[in-house]
Every structure is written in structure tokens, then in C-alpha cells.
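**Q** Listed in order, the protein sequences are those of chains A and B.
Residue numbering for the first sequence follows this note's numbering, beginning at 1 and increasing consecutively.
Residue numbering for the second sequence follows this note's numbering, beginning at 1 and increasing consecutively.
Source of the hints: derived by calculation from the structure; they are not laboratory data.
Positions of the beta carbon are idealized from the N, C-alpha and C atoms, including for glycine.
Accuracy of the hints is not assured; some may be wrong.
[Stated by the list, open to error] One side only, chain B facing chain A, incomplete, derived with CB under 7 Å:
1. 11
2. 108
3. 119
4. 123
Number of protein chains: 2
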Amino acid sequence: MSKIAVTDHPIHSLLASRWSPCAFADRSVDPVELRSLFEAARWAPSSYNEQPWSYLVAVREDAEGFARLLSCLVEANRAWARHAPVLALGLTRERFSRNDKPNAAAQHDLGLAAGNLLVEASARGLSVHQMIGILPDRARALYRIPEHTRALTALAIGYLGAPERLPEGMRARDLMPRSRRPLREFVFAERYGEPSPLLED
Amino acid sequence: MSKIAVTDHPIHSLLASRWSPCAFADRSVDPVELRSLFEAARWAPSSYNEQPWSYLVAVREDAEGFARLLSCLVEANRAWARHAPVLALGLTRERFSRNDKPNAAAQHDLGLAAGNLLVEASARGLSVHQMIGILPDRARALYRIPEHTRALTALAIGYLGAPERLPEGMRARDLMPRSRRPLREFVFAERYGEPSPLLED
Numbered sequence: 001m002s003k004i005a006v007t008d009h010p011i012h013s014l015l016a017s018r019w020s021p022c023a024f025a026d027r028s029v030d031p032v033e034l035r036s037l038f039e040a041a042r043w044a045p046s047s048y049n050e051q052p053w054s055y056l057v058a059v060r061e062d063a064e065g066f067a068r069l070l071s072c073l074v075e076a077n078r079a080w081a082r083h084a085p086v087l088a089l090g091l092t093r094e095r096f097s098r099n100d101k102p103n104a105a106a107q108h109d110l111g112l113a114a115g116n117l118l119v120e121a122s123a124r125g126l127s128v129h130q131m132i133g134i135l136p137d138r139a140r141a142l143y144r145i146p147e148h149t150r151a152l153t154a155l156a157i158g159y160l161g162a163p164e165r166l167p168e169g170m171r172a173r174d175l176m177p178r179s180r181r182p183l184r185e186f187v188f189a190e191r192y193g194e195p196s197p198l199l200e201d
Numbered sequence: 001m002s003k004i005a006v007t008d009h010p011i012h013s014l015l016a017s018r019w020s021p022c023a024f025a026d027r028s029v030d031p032v033e034l035r036s037l038f039e040a041a042r043w044a045p046s047s048y049n050e051q052p053w054s055y056l057v058a059v060r061e062d063a064e065g066f067a068r069l070l071s072c073l074v075e076a077n078r079a080w081a082r083h084a085p086v087l088a089l090g091l092t093r094e095r096f097s098r099n100d101k102p103n104a105a106a107q108h109d110l111g112l113a114a115g116n117l118l119v120e121a122s123a124r125g126l127s128v129h130q131m132i133g134i135l136p137d138r139a140r141a142l143y144r145i146p147e148h149t150r151a152l153t154a155l156a157i158g159y160l161g162a163p164e165r166l167p168e169g170m171r172a173r174d175l176m177p178r179s180r181r182p183l184r185e186f187v188f189a190e191r192y193g194e195p196s197p198l199l200e201d
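This is chain A alone, in the form it adopts within the complex:
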């Protein structure tokens, strides 16, 4: 199944082909591939090159570790994410390591790292579905996450599966066409809300 974005302007195929499935194939991911995914995250830019991101990772082959990580997702996400071969939590350090001052870019830069990881996944035929629905306090206790660092996202990683594998209520989500607001609704110039003249041909 392909859900290539129907774009108004051309974009790179690695970006157009990416989407976030709930259904994953029953196939494990070679650690060689996973290392390249995190290597991609590693080279994201960040404010003062702080690299505030970190990850906790579990693969299904490690039943105990996988169950532990799965238990940090909210119930609704556990329902489908339990079938993914790889789960991860995305964490960010909210203070600069060099001076302990608040890092206003901490969450944003975790997003940049995730963006890189997603592109590398697409390049390797892997799918990723990120979640904000996690239990950060539970994660902090289970993994002894230190103060000023916090789990913000979870990632399910694997090969795309058939939507038929999903419970009926969720199947429609994976089959739905992708949609986005047009550029004129978020690219402005003179004033917030006024479309940029750069959007006109």
C-alpha cells in the first residue's frame, strides 16, 4: 500500500512517501538498520549543538524490555503499537549541559532529530509512527530518567503491515488518504494570517 502525498509543489520522494501507519508487518528490524536510524538523528542540528535528545529502545525479541517500554504508552497506543517490532521513547534534556540554563529549543530539537530519523527510515523502507500519548512519570520511574530530562514522545518502528491486521475500528485510519492544510493557511508575510505573495505564481 502506498500513500504518496498529493502535493501542490514538488518535494523529495523520501518526504512524499512517508506516513505513519498503525499496522506493522510481523518482521523484525536488523540492528544494523536501527543504528543508521539513530545515527541519522545524531546529525540533526540543535541550538548550540546541545543535542538534547536521547532514546530508550526496545525490540520485540527482548520480551521483558519490550513489555516495559510498551507499558509507558497510553492504552489507546498500546493497542496497535504492541505489534510493532521496535519501540522507542524520545527524551529531551531541558537544560543546557554547559551552564544548566533552560534550553528553549529542547523539545523543538528533539523534533529535528526525529525528522532525520524518519527520513533515514523512509530511505530504508521502514515506517515510523510517533506518539505523544505516553506516561512520562512511569517512564521516569522505570528507566530512572534524571531531573531536567523528560520523555516526550514514543516511536513505533517497523515494516509496513496490512491494515487488515488492525482491529476494525482502526483499519480506516491506515486506509484514509493523507491531508494537510494548504500553504496559504500557514505561510505568511506582512502579518500573521496573510498569505505570503511568494506563494503566487
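Given the structure of chain A, go ahead and fit chain B onto it with the hints provided.
**A** Just chain B, lined up with the frame of chain A:
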């Protein structure tokens, strides 16, 4: 000048070749290219497909608009960013449009949009340098940014320039090799701080 990342594991060339220069060439960017950059941002994933991001954009050809946007950067960033042909502010809406509840992913998802924009820029031979050093209150007043939306980042966009163009104190920055923490410092398994066994060959 090329600063391809020296990676420990292979990653896609679009990710390995990206870096954030201070020096931009004296060459404008065709609006066709800019539209594709924002189109790439458009197709980023976001929590509940909220797409909380928006952008205010100015090109150097529009002297007044460019000066206005430049005035929203902190002094240290104005020094080099004033030579970029395109400037933008990255904004995020911190509440969900559908229910007005706080969106915990708002900043993270602006980072995802930026990640897509960076990849598209690399694919088109463009460079982007993001900044967290901006004056959000000034931006709010100048652009009438509504409540619950805020400017978080700025982006300088253009073609790579020779570092010789930079003031002496900044030249070294663009010539410096790129560096990152190794994976074992941020990819964990059992516990925060303990490297994942997936990193071992």
C-alpha cells in the same frame, strides 16, 4: 566547501551533507524553490495531524519586509543573517484548534516540520541555518501574532557562501569540522544512561 558528516553508521547523503552555515552567497532564491521548502514542511507528521506550525517569510528584494523580520532576531544573529537572501520565523500554535486544549507536541512538531524543510533544502542545494535567538514579543507586536501562537525559531535560507565573507570572529565557525556525541551517549535500553545492546556489532 563540503562538510559531510563523518558518521559511525551509514546515513542518507541528504542528511550527511546538511550543515548550518553563517555565510550565504549573494544570490537570491527563486520562489519556486521556496514553495517546495514549505510544501515539504507541510507534509511533516504532527500530533492529531494538527499541523501547529506556521511561517512568516521575508526575501531581501522586499527591503522593508526583510528589515522587519531581521529586527526580530537578537543582535548576534542579525550580524550574519542579514546577508541571507531569505529569512523566516517559525511559529507554533500551542493549543489544538479542535478543542483549544494545550498541545504538548506543539514545539516538537514545529521541529518535525523544520526537519522536512531542511531535507528539501539539501535536495535543492540550499542551506538553512536555524536560530532560537529571536525576540518573540517584538514579532508578536509587528506581525500581530495571536494568543496561543508564538514565534520560536528563525531560519536563514540561501545558497552557501564563502566563509571569507564573514567577520573574522565568525569565520572559524563555518570552517570547523562537525561533531556529535556518539550513539552510546544517547541510545539506551534498560535504564537511562546505559547504552543499548543494539549498538554492539
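**Q** Each hint: holds or not?
**A** Hints versus structure:
Of the supplied interface hints, the one on residue 11 of chain B holds, with its beta-carbon coming within about 5 Å of a beta-carbon of chain A, less than 7 Å. For residue 108 of chain B, the suggested interface contact is upheld, since its CB lies about 4 Å from the closest CB of chain A, less than 7 Å. The interface hint given for residue 119 of chain B is met, as the beta carbon of that residue sits about 5 Å from the closest beta carbon of chain A, less than 7 Å. Proximity of residue 123 of chain B to chain A holds as hinted, the smallest CB-CB distance being about 5 Å (cut-off 7 Å).
Consistency with the previously given hints is maintained throughout, with no hint failing.
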